[in-house]
Amino acid sequence: MAHDLGFWTLQALNALQLSMLLFLLSIGLTVIFGLMHFVNLAHGSLYALGAYFAASLAAVGGYWMGLFLAPVAVAGVGILLYSGLIKRMRKSGPMAQVLVTFGLIFVLLDLTRIFWGDLALAIEVPALLDGRLAFLGVEYPTYRVFIIALGLAIFGALAFVLGRTQIGAMIRAGVDNDAMAACLGINVERLFFIVFCVGCALAGLAGAVAAPLLSVTPDMGLQILIPTLIVIVIGGLGSLKGAIAGSLIYGFVQTFGAVLAPQLASVLIYALLAAVLVIKPVGLFPAKG
Amino acid sequence: MFRHNTLRYVALILLAAGALFQAFTAEYFGLEILTEILILAMLVLALDIVAGFGGMVSLCHGALMGGGAYAYAIFTTKAGIAPPVAMAGAIALTGAAAWVIGAIGSRSHGIYFIMATLAFGQMAYSYVFETPIFGGDDGLGGISRLDLSFIGVDLNDSRSFALFCLAVLGTVYGTSVVILRSGLGRSLTGVMHNEQRMRALGLTVWRVKADVFGLSGMIAGLAGALAAQHIMYISPGLLSWTVSGEALVVVILGGLGTLVGPLIGAAAFVVLKHELSSVTTYWHLVVGVILIAVVMSRANGIFGWIEARWGDRLDRRLADATRKTEEVLTDA
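Just so you know, the protein sequences line up as chains A and B, in that order. For what it's worth, this note's numbering labels the leading residue of the first sequence as 1, then goes sequentially. For what it's worth, this note's numbering labels the leading residue of the second sequence as 1, then goes sequentially.
Isolated chain A (complex conformation) (with noise of 0.2 angstroms):
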């Protein structure tokens, strides 16, 4: 090959900053389906309004302002969705769930634009992550090492909270089996309140990192939403593990294949993801056995 090794780092890190990003998104909506067995199409607006919010708030105070707030802006919205809508939708067959978060898109995509506009927005990175690192005899932009330490960082923290600690036993517990765990004294409502809102603060985390390397734009939620699909799908709904191998196996192949096979390179991962699910109906590594 005519590339040398230098280019191959560079894909390979490349790959790593889409596949935290998509990680972001897909442990929020794979863990509430995990745990609620709830579909949620809207997960992707939620990520379009996270940009948003911190575009907004970014102009206000700042960048570090908008990358803090936004999330909690976002689990905000959240609580309201929840309470309003998916309280609801709980019992309800996967057809209606697809249906009414589908007609959710529809309704933050227009309010988006309502609130915003249809122009795209822009946000300036930071000072302090603007800029180039020296990285593996490559130079690689600081803001997308950034990417890759915060999706790093917050796999471990979340390996770390459902592995080790009391409230994930009680997380894996209601994934497991929630009749089971309701018995045993967990408040499986509670739980599902809990993850709903961590997830969708997930969500708004990963739109408001998105937002500089990106335009926000009102359809950034559609097009990331089928990448997060194919994500948890491969992965197997409901598990960290499955999250996080799922966005790496979309991030690399989309990424090398692009490099690659340009002509295939849109058609392979949904070849893949295909191959799946002829093999491994529930994917790779599903929450349950």
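Hints listed in this document are in silico derivations from the structure and should not be mistaken for laboratory results. Note that the Cβ used here is the ideal one computed from N, Cα and C, for glycine as well. One or more hints might be untrue.
Stretch-level coverage of chain B by chain A, calculated; a stretch enters the list once three of its residues show a Cβ under 8 angstroms from a Cβ in chain A [to be verified]:
id, segment
1, 100-110
2, 122-131
3, 244-253
4, 289-296
Here are some, though not all, of the chain A residues that point toward chain B, as calculated from beta-carbon distances under 8 angstroms [stated by the list, open to error]:
id, residue
5, M95
6, L109
7, S266
Following the hints, complete the assembly by docking chain B onto the known chain A.
Chain B only, in chain A's frame:
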């Protein structure tokens, strides 16, 4: 199994009368909308067969329709095949593709089936979008309509084309009813209600699912071939998953598993879309709110709601009336 009750007959007659009235009185714009409704109606019939009677909620029917449209366009413009043959080819192609999707997806249920169909739909979308022969983002133009001049019909006239689509829709509706009443359709409903039991009875479940999905795909492909002829220009947007999502919305708004309901849903959706988009650019907001309200209300769409309220009463009243007449006749 699918049955026609009195209410369904009444609704069908009203719909057909409305369509005919519109076809003969409307001007150009009204005819375009009518044709749009008729083509959407075919797509949602296809979707209602698999979703309403087989529990297979598909998010790839938009892509199947788009596939039919592209197949027809490529066959006629690039390969120079005569339109009737091209149409048959497009239908066969989408039917075969849908059969394969149905066969592969037959092991998945619920949300996994939805995701699997979504994946296949997006695969087709990306393929069409990326491959140069399909014109990429620019789409394909210069698509010709069927030539029916040998029976004295010029399909380039919008009125004739609308009537032609109405006739096709009638045929599709009749075919759907035949499919659902056949052994295959009954097996499908059995699989939806209890797959284990049907398997225990010796049914090859995946074959039933794949066969019906294939037939449904043929209808979607037919709708696509007609859509390509209607607009005479196609773009990858036809295959986008949001088209499938909208088709599902129409089925739900109309009434899942009623066949008649989705027809009403198609008419309501297209009219609503045109009326709203002339008033506000935020018509998606209104559609979204209506959709959420309909699903939350737990009624089975517009027609399901009407049926639950008046359907039985109407049938009972008719039965009462016939019994009374019979009593009167026997007394006399």
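Against the structure, the hints:
Interface restraint, the segment 100-110 of chain B with chain A: holds (5 residues with C-beta to C-beta distance below 8 angstroms; minimum three). Judged by the Cβ-Cβ criterion of 8 angstroms, the segment 122-131 of chain B is covered by chain A as claimed, because 7 of its residues qualify and three suffice. With a cut-off of 8 angstroms between beta carbons, the segment 244-253 of chain B has 4 residues touching chain A; three or more are needed, and the interface restraint holds. A stretch counts as covered by a chain when three or more of its residues have a beta carbon under 8 angstroms from one of that chain; for the segment 289-296 of chain B and chain A the count is 6, and the coverage holds.
The restraint placing M95/A at the interface with chain B holds, with a minimum CB-CB distance near 5 angstroms, inside the 8 angstroms limit. A distance limit of 8 angstroms between C-beta atoms decides the matter here; for L109/A the minimum to chain B is near 6 angstroms, and the interface restraint holds. At a threshold of 8 angstroms, the smallest CB-CB gap from S266/A to chain B is about 4 angstroms, leaving the interface hint in force.
Every hint from the earlier list agrees with this structure, and none is contradicted.
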